[in-house]
Amino acid sequence: MITRDQVVHISSISKLKFTDEELDEFTEKFDQVIGFLEKIKEVDTENVEPTFTINEEDGIMKENGENQTLSREEVLENTVESQYGYFKIIKVVE
Amino acid sequence: MDITSLKGWEMREKLIKKEISSTEILSAHLSKIDKIEKDINAFITMDKENALKTAKRVDEKLQKGEKLGIIAGLPVGLKDNILTKNLRTTCGSRMLENFNPPYDATVVRKIVEEDGIILGKTNMDEFAMGGSTETSYFGNTRNPKDLTRVPGGSSGGSAAAVAANALPLALGTDTGGSVRQPASFCGIVGMKPTYGLVSRYGVVPMSNSLDQIGVFGRDVRDAHMMLQTVTGYDPLDATSSKRADRDISIEGIDSLKGLRIALPEQYKDLRITGDEKIQERFKETVKVFEDAGAIVEYVSLPSLQYALETYYVIMASEVTTNLSRFDGIRFGYRTENYETLDELYTNSRTEAFGEETKRRIMMGNYALSAGHQDQSYKKALRVRTLIKQDYENAFKDHDIILSLTAPMLPFKLDSIINSPVDMYKADLYTVPVNLAGLCGISIPMGDVDNLPVGLQITGPRFGDSTILKAGLGYERAVR
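Taken in order, these protein sequences are the chains called A and B. Sequence positions in the first sequence follow the working numbering and run 3 to 96. Sequence positions in the second sequence follow the working numbering and run 85 to 563.
Check each hint, because a few of them may be wrong.
Stated by the list, open to error - Have a look at the derived ranges for each label pair, beta carbon to beta carbon:
1. A/K64 x B/V372: 18 to 24 Å
2. B/Q389 x A/F54: 20 to 26 Å
3. B/K151 x A/E51: 43 to 49 Å
4. A/E76 x B/R330: 50 to 56 Å
5. A/L72 x B/E197: 18 to 24 Å
For the record, the hints were derived by calculation from the structure and aren't laboratory data. Here a beta-carbon is modelled for each residue, glycine too, at the ideal position from N, C-alpha and C.
Only chain A is shown next, with the shape it has when bound in the complex:
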């Protein structure tokens, strides 16, 4: 059984906040994940390579050359705040 502290840690690295009740529910839900992991642990996978991608032609390289990219205006179009052509966020260094 996973502890409450571990759940809090996972929520912190997930950058998500939960109420106390929600955190309690996660201790149960994580048991399900543990169950999944236990089940696949049963399988003998010695000498079996992992399938990261299903394609036979793994990693087709692009020709090196000039490629069209988005303009600065297009990139900034969906941000909440921008200034001098940059994303604007709060000051993070003193």
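Assemble the complex: chain A is given as a structure, and chain B must be docked to it using the hints.
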């Protein structure tokens, strides 16, 4: 004549013969949508203005005698996780409520090239996570066959729109069944092509190694027409295959005679509460294939017993990684309530993601967190190899695999579906197809209790023509 009740290919034939115009096709669908959309809620955003312009352009082309594209004049719906330049793309989430993509997905470009008319963006479970289109920030979609029931999901808006004759064709995405299951629930054809056949460039990723764009139509021929439009190698998608550069031909023999069919033994005893009539219908359907001269055999795919656990671990891990891009800074929702950068991230994500999305991010982070990665994600990827090999073996001596698409009927809105164990078993028909990168199509096999059920035909990698032809053969056999 009600134009909207025609199949897409019939509309196109009439268009080419100049019996109807592209503008007429579009207006017929627009009036249909006006009538039914308040009940169905299939769309998040409509694009009438551009659709009308495109329809006029197609009519001009026709008048001038210019060559018309594969889906000329046909209205198309796009699941709202497919980027459309300057047309809002939300993924069914508050996070992207005001997101205006700066570029088009490759499939959008291809639809435009083939003279299709993009009419709108369809509703979906938030970030494609769910099987009922109930987790959308923009309200749930209802099943046109029975408004008290869900259309399935996550591509429920696309499926419902096609089933309700609001559109002849639509695109969805399928990570573990999100095209095939809603097709089954809405009584239409839905196909997940081979992984790598259709470019994913410009599709908001959920689980990159499993996601694939899929197509909807009211019969196999329409689904094929939609697929032929969007298929092809794309250098902008590193997982696009060079083998995708060819016609997906359905010309030639579509007889079922001599077709070698495998039935997975693992599905024989996989039963859920109340599935008797569905199982009975499946048996009758297999008999249709046998009576038409197909050879049916049971095969064993032993690793299928681990498919669901493998799927969940891989999916949740990839979901977590993908959704970390939503930081409230470059695009998407930003909270007003923050004093530090960390609060900006955390509060933006907490306020804008729905419950199911948060749950999967947490599951994925748990599976990937320190000490777990080798035992979980990589282990799952090794089991995935075994599942893939089982299918390769089955396809050595067989052309297709037949199964149910889902062992359940569309369920009531806001209901807890059977037991969690049943839910879990329900995905076991569609999920392995994504794990192994195969192609699968769901085709209506009649009704049970006046609700549609789907037959799933699975084919080997790049066996897309084979399953389409088998589907055509089946449609003919039951006509």
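Here is how each hint holds up against the structure:
The beta-carbon spacing between A/K64 and B/V372, approximately 47 Å, falls outside the hinted interval of 18 to 24 Å. A C-beta distance of roughly 23 Å is found between B/Q389 and A/F54, which places it inside the suggested range of 20 to 26 Å. Roughly 47 Å separates the CB atoms of B/K151 and A/E51, a value that falls within the hinted 43 to 49 Å. Here the CB-CB span from A/E76 to B/R330 is close to 34 Å, at odds with the stated 50 to 56 Å.
Range check, A/L72 to B/E197: Cβ separation about 21 Å, and the 18 to 24 Å hint holds.
Of the numbered hints listed earlier, those contradicted by the structure are 1, 4.
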